[in-house]
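Given only the sequences and the hints, what does the whole structure look like? Please build it.
Number of protein chains: 2
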Amino acid sequence: MAFINKSDLNKFKKKAGDLFNKTIDQHVNLAVTGLSRSGKTAFISSFVNQLITEGGNSQLDFFNPVHQRRFIAAKRVSQKHLHIGRFEYEKSVAAFEKSPPTWPEPTHGISELRLAIRYQPQDSLLKYATDSATLFVDITDYPGEWLLDLPLLNQTYEQWSKQTLALLEQAPRFEHAKQFIEKVNQIDPLVSADENMLASLAQEYTELLMYFRHQLGLSVIQPGRFILPGELVDAPILQFIPFTNFNCIDGNSYQNAGDGTFIGMLRARFIEYKERVVKKFYKEHFLHFDRQIVLADCLTPLNNGAECFDDLQLAINLIMESFSYGQSSLFSRIFSPKIDKLLFAATKADHVTPEQHSNMVSLLNQLAYQTKHKLNYDQIEMKTLAISSVKATLSGKGKHQGQEIPVIQGRQLHDNKLITLFPGAVPKRLPTKEYWDKNGFNYINFSPIESIEAHQSLPHLRMDQVLQFLLGDKLK
Amino acid sequence: MAFINKSDLNKFKKKAGDLFNKTIDQHVNLAVTGLSRSGKTAFISSFVNQLITEGGNSQLDFFNPVHQRRFIAAKRVSQKHLHIGRFEYEKSVAAFEKSPPTWPEPTHGISELRLAIRYQPQDSLLKYATDSATLFVDITDYPGEWLLDLPLLNQTYEQWSKQTLALLEQAPRFEHAKQFIEKVNQIDPLVSADENMLASLAQEYTELLMYFRHQLGLSVIQPGRFILPGELVDAPILQFIPFTNFNCIDGNSYQNAGDGTFIGMLRARFIEYKERVVKKFYKEHFLHFDRQIVLADCLTPLNNGAECFDDLQLAINLIMESFSYGQSSLFSRIFSPKIDKLLFAATKADHVTPEQHSNMVSLLNQLAYQTKHKLNYDQIEMKTLAISSVKATLSGKGKHQGQEIPVIQGRQLHDNKLITLFPGAVPKRLPTKEYWDKNGFNYINFSPIESIEAHQSLPHLRMDQVLQFLLGDKLK
Chain A
0 MAFINKSDLN KFKKKAGDLF NKTIDQHVNL AVTGLSRSGK TAFISSFVNQ
50 LITEGGNSQL DFFNPVHQRR FIAAKRVSQK HLHIGRFEYE KSVAAFEKSP
100 PTWPEPTHGI SELRLAIRYQ PQDSLLKYAT DSATLFVDIT DYPGEWLLDL
150 PLLNQTYEQW SKQTLALLEQ APRFEHAKQF IEKVNQIDPL VSADENMLAS
200 LAQEYTELLM YFRHQLGLSV IQPGRFILPG ELVDAPILQF IPFTNFNCID
250 GNSYQNAGDG TFIGMLRARF IEYKERVVKK FYKEHFLHFD RQIVLADCLT
300 PLNNGAECFD DLQLAINLIM ESFSYGQSSL FSRIFSPKID KLLFAATKAD
350 HVTPEQHSNM VSLLNQLAYQ TKHKLNYDQI EMKTLAISSV KATLSGKGKH
400 QGQEIPVIQG RQLHDNKLIT LFPGAVPKRL PTKEYWDKNG FNYINFSPIE
450 SIEAHQSLPH LRMDQVLQFL LGDKLK
Chain B
0 MAFINKSDLN KFKKKAGDLF NKTIDQHVNL AVTGLSRSGK TAFISSFVNQ
50 LITEGGNSQL DFFNPVHQRR FIAAKRVSQK HLHIGRFEYE KSVAAFEKSP
100 PTWPEPTHGI SELRLAIRYQ PQDSLLKYAT DSATLFVDIT DYPGEWLLDL
150 PLLNQTYEQW SKQTLALLEQ APRFEHAKQF IEKVNQIDPL VSADENMLAS
200 LAQEYTELLM YFRHQLGLSV IQPGRFILPG ELVDAPILQF IPFTNFNCID
250 GNSYQNAGDG TFIGMLRARF IEYKERVVKK FYKEHFLHFD RQIVLADCLT
300 PLNNGAECFD DLQLAINLIM ESFSYGQSSL FSRIFSPKID KLLFAATKAD
350 HVTPEQHSNM VSLLNQLAYQ TKHKLNYDQI EMKTLAISSV KATLSGKGKH
400 QGQEIPVIQG RQLHDNKLIT LFPGAVPKRL PTKEYWDKNG FNYINFSPIE
450 SIEAHQSLPH LRMDQVLQFL LGDKLK
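Sequence lines, in order, name chains A and B.
With numbering that gives the first Met the number 0, the residue at position 148 of the first sequence is 147, and numbering never jumps.
With numbering that gives the first Met the number 0, the residue at position 409 of the second sequence is 408, and numbering never jumps.
Watch out, some of these pointers could steer you wrong.
Partial list, computed: chain B residues near chain A (C-beta under 10 Å) [claimed, not checked]:
1. 75
2. 194
3. 230
4. 271
Simulated crosslink set (EDC-like; lysine to aspartate or glutamate; CA at most 16 Å straight-line) [to be verified]:
5. A:79 / B:258
6. B:90 / A:306
7. B:74 / A:449
8. A:278 / A:320
9. A:161 / A:181
10. A:432 / A:306
11. B:340 / B:320
12. B:79 / A:194
13. A:473 / A:354
14. A:90 / B:193
15. B:473 / B:380
16. A:427 / A:354
17. B:279 / B:230
18. A:79 / B:194
19. B:90 / A:233
20. B:337 / B:283
21. B:79 / A:271
22. B:79 / A:233
23. A:416 / A:380
24. A:90 / B:233
25. A:473 / A:380
26. A:337 / A:289
27. B:74 / A:194
28. A:74 / B:193
29. A:90 / B:194
In case anyone wonders, no lab produced these hints; they're calculated from the structure.
Being a predicted model, the structure only gives us computed values, none of them experimental.
The beta-carbon is built from N, C-alpha and C at its ideal position, and this holds for glycine as well.
Take a look at the structure:
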């Protein structure tokens with residue numbers, strides 16, 4: 000029998016405990032979202048690229064495992080769910096390798112990618128136990144529009160219809176939605192439903208949503224699945240609309256209307272949508288996420304004017320409901336999520352001059368202010384950053400009327416011409432009406448600035464801070 | 000207290016029991032399948048059209064409820080599953096209403112439609128109890144290719160690979176598959192897998208399958224989901240191939256190969272495909288079907304020659320495995336289906352002259368002979384019919400070298416020209432080699448012959464017998 004004294008035994012137990020804690024902390028599920036065209040594909044491509052090519056020309060000073068030289072290597076390995084699309088990393092990176100480089104094709108729906116990161120742990124015990132440890136990172140990419148649907152779960156069909164009508168009756172939507180509202184108002188909601196008419200009305204409503212999103216640049220698109228139907232194309236579950244004439248029915252008739260009536264069918268499909276589409280996403284995916292990145296492009300809505308910007312603010316509030324799961328929130332009454340860190344990133348930071356970045360962050364903070372407040376309270380760690388996943392400009396100094404001013408240089412997206420300019424200031428706070436009246440914004444869209452070689456790192460702004468916030472504590 | 004004697008009471012009990020049996024017998028799930036381009040869309044459109052327009056110009060003499068004047072009316076009502084695509088009946092019928100009429104667009108994947116049929120029951124008791132009864136018919140349309148996958152459930156990855164290789168090494172596939180096989184043979188199956196290479200090999204294999212189906216007219220396409228991926232597009236579950244070089248690995252290395260190796264990854268994905276794709280379809284859909292229609296176009300494979308025809312025969316045998324659920328069958332070991340009637344219909348009967356129809360049925364019976372035998376044994380009622388869902392020709396008599404011969408008249412599909420001809424005989428039995436050497440087939444494809452008015456019935460051949468077989472006993 001070996002000798003061991005009590006104090007040694009306790010030490011050993013503690014170390015064994017540490018080791019155990021360390022060994023189970025080997026996996027993290029990262030979710031990346033953002034409204035369409037917010038730069039999800041570029042973000043994920045750069046995130047993966049920085050890790051995979053680390054040791055080449057990568058600039059990751061603020062990512063501790065690299066700074067402390069404990070980072071060994073990262074590689075893509077087989078993803079967790081074989082029935083989910085593969086994030087097409089190689090195709091995206093190929094776009095940046097072209098000459099001239101282009102932005103990668105955007106993703107639709109949901110896709111996955113798994114990384115294995117080998118590193119040397121700080122912890123001396125583990126260091127002796129093994130030369131390296133591995134952290135597996137599962138990245139899930141999904142449309143931000145899906146999060147816009149969460150609030151539906153707390154609404155009846157009547158409430159949702161009325162709220163949607165209120166939105167449709169305001170500028171800039173009203174002008175385009177007017178005809179649709181008039182058409183719906185002519186329907187007797189208590190007669191037997193005509194499914195073909197409903198299908199064509201739903202088609203019309205979907206086209207309105209597409210127009211709002213892609214032509215007007217609006218952000219609040221409900222139901223979110225209508226514009227990205229995937230396998231549900233042509234299914235009745237996506238063939239409903241908000242009823243715009245609730246004033247014409249009394250509560251009793253509404254309650255008693257059968258599923259075969261126009262209004263009853265709309266209600267039944269709305270309920271089914273909540274169950275089969277909204278809840279399903281939260282149960283099958285969202286509840287398994289550990290950390291979430293929400294990307295927001297604030298510059299385009301600023302370009303588009305006050306109404307679009309307000310709409311972005313509303314959309315962000317709706318999206319943030321998925322993360323504000325205090326005890327009394329809608330969310331925690333329905334689900335028990337486990338997200339402990341939320342990164343809220345303003346993309347395209349390279350599209351303005353560097354001294355504007357603090358304004359971008361401050362604006363983003365304001366946009367998410369209420370939620371951030373709640374999140375702090377609930378002890379979810381939230382961070383806001385102004386980033387550029389893949390830098391499209393160079394910054395420098397120029398002369399304007401004898402004065403030195405900050406400028407950026409890049410190739411304009413629409414004609415590929417190299418231009419140098421000061422693209423304008425970013426407001427530090429949510430712009431007021433007076434501000435909008437006096438100022439306009441005209442940020443330019445740029446192409447990626449120069450192609451990279453194979454296995455080279457993509458130029459970026461603050462991706463190292465992103466990595467540190469999301470992975471730093473898991474790589475200690 | 001009322002007087003009632005024992006005999007009256009017994010009579011009453013019996014009648015109440017009959018009534019009960021009748022009232023619960025108010026619903027039937029019909030499934031319609033067939034390999035792509037076998038005429039599923041036209042079939043379902045006509046099936047629904049005959050019922051909905053009954054009482055107009057419809058010809059349904061062999062459908063008892065109509066013949067006995069007990070059929071009241073039928074209409075489309077809301078389908079059962081809101082998340083499944085709606086069968087686009089109206090769009091299909093619109094194609095037949097155009098001038099000149101066209102064939103409707105084919106469906107992809109799965110779609111649904113529900114009919115409510117009102118009728119007067121034969122049973123006197125129910126006749127007194129109520130003026131009419133309603134039978135709900137749920138029709139599910141799904142690709143026949145999905146049934147080709149059932150046999151996979153009984154195979155290991157190695158068995159499936161070897162069997163597929165045997166198929167690929169025969170004419171007419173070999174010539175096109177040669178390069179693919181050579182490429183796969185150069186891979187060391189035990190090295191670590193490259194997922195991108197696998198994705199591109201799977202893409203190549205899928206293109207081969209597409210070519211086999213659409214250019215060569217072959218029927219045995221495995222895995223069936225590869226050519227109709229739906230929501231699984233880009234998912235690793237569809238990124239595997241048959242490994243063509245099993246001779247190069249010994250059994251031990253194969254068994255011990257990890258999931259990260261080339262061969263291990265193929266095997267893992269094959270297993271996941273069986274679970275997540277094949278079994279899922281059977282569980283979620285197939286097990287709920289009461290009656291099945293399998294459509295087969297025998298004329299096109301006859302046109303295409305011996306190899307295509309043999310391939311059709313093999314495909315039909317594979318498809319029929321889903322219905323031959325005797326105690327020892329693969330199927331009944333995995334599932335407990337409840338299909339009690341199977342209609343096996345040769346489509347395009349109007350593309351040959353009427354006196355050839357008995358040969359068509361006889362040929363079809365031979366194609367499915369083994370299965371039919373088994374089915375009878377298992378007491379599933381099976382029927383074979385030569386039908387035309389929507390008639391494209393008129394039949395009559397013509398003169399040829401002084402003799403009266405049967406002819407058909409129709410508009411050729413490729414140039415819309417009206418032609419009159421005797422399209423040739425249909426072999427009564429599976430053609431032998433000698434037969435193929437001596438004879439060729441050249442059946443013509445026709446457009447629908449003339450457009451119908453709205454609410455008019457589509458011209459057909461034997462759709463009334465189809466209705467009688469599938470619904471007659473439910474409408475007594």
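So which hints don't hold here, by number, going up?
Violated hints (numbers, rising): 6, 7, 13 and 23; every other hint is consistent with the structure.
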